[in-house]
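**Q** Below are the chains, spelled out letter by letter.
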Amino acid sequence: MSGIVIIGAGQAAGQAAASLRQGKYEGSITILGNETQPPYQRPPLSKQYLSGELGMDRVMVRPEKFYADQDIALHTGTRVESVDRSAKTVTTSSGDSYEYDKLLIATGSRPRILTIPGSDLSGIHYLRTIDDVDSIREAMQTAKKICIVGGGYIGLEVAAVAVTSGLQVTVLEMEDRILQRVTTPEMSEYYHELHAGRGVNIRVNTGVSGFQGEDHVSTVLCGDEKMDADLVIVGIGIIPNIELAEAAGLDCNNGITVDDHCRTSDPHIYAAGDCTNHPNPIMGRRLRLESVPNAMEQARVSASNMLGADKVYASIPWFWSDQYDLKLQMVGFSADGDTSVQRGDKATNQFAVFYLKDGKVVSVDAVNSPREFMVCKQLYGKAVDPAALSDTNVELKTLLN
Amino acid sequence: MPQVKFIEFNGTKHNIDANNGDSIMVTATSNLVPGIDADCGGECSCATCHVLIDAEWQAKLAATSDTEESMLDLNPDRSAESRLSCQIIMSDDLDGIVVNLPEFQY
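From first to last, the protein sequence lines are chains G and B. Here the first sequence stands for residues 1 to 401, numbered as in the working numbering. Here the second sequence stands for residues 1 to 106, numbered as in the working numbering.
Please note that a few of the clues may not be correct.
As the list claims (entries may be wrong) - These stretches of chain G come out as covered by chain B in the derived footprint (C-beta under 8 Å, 3 or more residues):
{"no.": "1", "segment": "18–29"}
{"no.": "2", "segment": "60–72"}
{"no.": "3", "segment": "273–286"}
{"no.": "4", "segment": "318–330"}
{"no.": "5", "segment": "367–380"}
To be verified - Heads up, simulated DSS-like pairs for lysine-lysine below, C-alpha to C-alpha not over 27 Å straight-line:
{"no.": "6", "chain 1": "G", "residue 1": "K24", "chain 2": "B", "residue 2": "K13"}
{"no.": "7", "chain 1": "G", "residue 1": "K65", "chain 2": "B", "residue 2": "K13"}
{"no.": "8", "chain 1": "B", "residue 1": "K5", "chain 2": "G", "residue 2": "K65"}
{"no.": "9", "chain 1": "G", "residue 1": "K357", "chain 2": "G", "residue 2": "K327"}
{"no.": "10", "chain 1": "G", "residue 1": "K24", "chain 2": "B", "residue 2": "K60"}
None of these hints come from the bench; they were simulated from the model. Note that beta-carbon positions come from the ideal geometry of N, C-alpha and C, so glycine has one too.
All chains should be modelled from the sequences, with the hints used to inform the complete structure.
**A** Here it is as structure tokens:
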């Protein structure tokens, strides 16, 4: 029996299956995922799930019975080995074969792995899956000194949880500032000071050269320098999972190449989420995003188009990060701007920095400022008066007119 | 189990039995009720779970938090009935609550 097969069981996969049923698709839907859980939310893993504030049931996207109720065949713990495009089948590592009329590749991404001396010692963790976080949580029960390799959002979110729970925390960043890849020097400085103020030891311009220990890590080496650590979390970026698509001969270039309908170079195969490289018609360029809203919306667009619609994926990217009691919400990319305009006072931990290009709003970093975040979504691409934008006495509403 | 009566903008009704402790958003997404995207998963970060609840039912709900208010405030389609469904937790007291799904979110 053929139908729609989805490779991957992350948030894009779960949303696509739900959207297909919502779209009145009555054929078979098969989800093949190599993790052991049904689709769950990844963003809380480095935040409220790590801290214990949210349990497994709250992290699940939908209850497990949803899939059975909706006649969605969910095969967890199942690794797809290959896609045969001429036979229109996918084959799993256990040798099972599934026919498809339409295939959705939602394989996501995986953490970049450190390969340096000692990097295979126990006590060195990566953070991508619920299983990863379960072992980190267990290790945090007894750990005293945690070393976080990489000062990106994942590393800093973990640092916030770890220092709050009483661990001694060091963050090692290779570049000359944390968040170097994703934000401006100004925001990097703000977050650096925030974490330092909470007791996190941040070391920039510091690359890790190796780890030492008897079975379990006890020392982190940074060139000649040695640092004690009984738990290491590595967060140095992710790599899109494109190998299956590549082996099947689909066009890939820093992600699986899709068009604005989420179609790959094979008209029967769609792709959604972190694994895609897609055009953004609003920004006029191609993007590969590490983002839940992107995964969810591409899943909806793929599902609609698999059912015969003519839907274009055109969304302004947005992101969020929770650290301590601060919620950072971002729209677009600050690097696109040529001018920045601050609204509010950083000292209050409630402010936003808007980024303008040629006088038009292209991005915001909004700290505990959901209004500014929401207004940026509406102002994107529009010209604003920077003086009015920076003046907290000017109501944001008036800028929308 | 308290029931939620979802009504789509076109009048289609979905009467759903909710679990106590689940948000109205989770109740919707777990039962294929359309029109609630909930991209952020209930963090009050995206405002894609906007619903309309009349004054009588609103009176039984906790007031909007500052964050919810801020997320709703600048939506040009916001009305007095607007709420974010991820912020409303079901309990027996809310049995029968009528939740209208706005057209602008489709």
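**Q** Please go over all the hints and tell whether each is borne out by the structure.
**A** Comparing the hints with the structure gives:
no., hint, verdict
1, 18–29, "holds (count 3)"
2, 60–72, "holds (count 5)"
3, 273–286, "violated (count 0)"
4, 318–330, "holds (count 5)"
5, 367–380, "holds (count 6)"
6, G:K24 with B:K13, "holds, 16 Å"
7, G:K65 with B:K13, "holds, 22 Å"
8, B:K5 with G:K65, "holds, 21 Å"
9, G:K357 with G:K327, "holds, 25 Å"
10, G:K24 with B:K60, "violated, 35 Å"
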